[in-house]
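**Q** Chains S and A supply the protein sequences, listed in that same order. For what it's worth, my numbering labels the leading residue of the first sequence as 19, then goes sequentially. For what it's worth, my numbering labels the leading residue of the second sequence as 2, then goes sequentially.
If you're looking for bench data, these hints aren't it; they were derived computationally from the structure. Remember, it's a predicted structure, so these values are computed and weren't measured experimentally. Possibly wrong hints are sitting among the right ones.
A short, non-exhaustive set of chain A residues, derived as facing chain S with CB atoms under 8 Å [what the hints assert, rightly or not]:
#  : residue
1  : G44
2  : P45
3  : F47
4  : D56
5  : F63
6  : V79
7  : P83
8  : F90
9  : A96
10 : N98
11 : L100
12 : T101
13 : G104
14 : G105
Yeah, the Cβ is synthetic: ideal placement off N, Cα and C, and Gly gets one too.
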Amino acid sequence: KAGVTQTPRYLIKTRGQQVTLSCSPISGHRSVSWYQQTPGQGLQFLFEYFSETQRNKGNFPGRFSGRQFSNSRSEMNVSTLELGDSALYLCASSLDLGQIYGYTFGSGTRLTVV
Amino acid sequence: DQQVKQNSPSLSVQEGRISILNCDYTNSMFDYFLWYKKYPAEGPTFLISISSIKDKNEDGRFTVFLNKSAKHLSLHIVPSQPGDSAVYFCAANNAGNMLTFGGGTRLMVKP
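With these hints in hand, go ahead and build the complete structure from the sequences.
**A** Following this line, the structure appears as structure tokens:
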């Protein structure tokens, strides 16, 4: 079966712009989470969605937002981009809340802010 | 405040020998622990996990040990193979599907 699909794979944006990243979970998976990976901070939790509702949020500014659609696909948006937002953004899906052992990551979107 | 720490940023091991990767945590509410392997430009791949009610879990060449009193877990890979060369992350869970990750350890297995 198809894995977690993230688009686009690579993105270059200018400071001050906004960006939208997309994540399609494994078919049947209803929970989607987002992580940011940077060399200095490692992998950090952004937010988690289930049934179109945000269930958990990490310690990130309000410029970072997300949503989940009825088909479980999710998008995250970063507004007013800063150089420090350059990172690999990873999406993970699982069947349900609490199904942490089924957690599967996508290959990520590499965002570069110039 | 890092709740999950991997104090060794890198580890080099000879092929065929044992690789031991360590992870410490501070939050006693964590009740499930996972190890992931990551190659550059790819997402982390799940390797093995352990619940806080166990102290050992084994899957082929991979074994994870949990010492709750010391808040310490380790991943043993025996025997190590060149294909095991990657960055290894430990992660901990206590709520929903949110994982708290360590900073990673780069393992290099030399032929």
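**Q** For each hint, tell me whether it holds in the structure or not.
**A** The hints, checked one at a time:
1. At a threshold of 8 Å, the smallest CB-CB gap from G44(A) to chain S is about 3 Å, leaving the interface hint in force.
2. Hint status for P45(A): holds, given a least beta-carbon distance of 5 Å to chain S, under 8 Å.
3. The restraint placing F47(A) at the interface with chain S holds, with a minimum CB-CB distance near 7 Å, inside the 8 Å limit.
4. This hint is violated: D56(A) has a C-beta 18 Å from the nearest C-beta of chain S, more than the 8 Å allowed.
5. Hint status for F63(A): violated, given a least beta-carbon distance of 15 Å to chain S, over 8 Å.
6. Restraint check, V79(A) versus chain S: the minimum CB separation of about 23 Å is more than 8 Å; hint violated.
7. Among the interface hints, the one on P83(A) is violated; its C-beta lies about 22 Å from the nearest C-beta in chain S, farther than the 8 Å criterion.
8. This hint holds: F90(A) has a C-beta 6 Å from the nearest C-beta of chain S, less than the 8 Å allowed.
9. Among the interface hints, the one on A96(A) holds; its C-beta lies about 7 Å from the nearest C-beta in chain S, closer than the 8 Å criterion.
10. For N98(A), the suggested interface contact is upheld, since its CB lies about 5 Å from the closest CB of chain S, less than 8 Å.
11. Proximity of L100(A) to chain S holds as hinted, the smallest CB-CB distance being about 7 Å (cut-off 8 Å).
12. A hinted interface residue such as T101(A) counts as satisfied when its beta carbon comes closer than 8 Å to some beta carbon of chain S; here the least separation is about 7 Å, so the hint holds.
13. Residue-level restraint check for G104(A) holds (minimum Cβ-Cβ distance to chain S is 4 Å; threshold 8 Å).
14. Restraint check, G105(A) versus chain S: the minimum CB separation of about 6 Å is within 8 Å; hint holds.
The structure fails to meet hints 4, 5, 6 and 7 from the earlier list, while all remaining hints are met.
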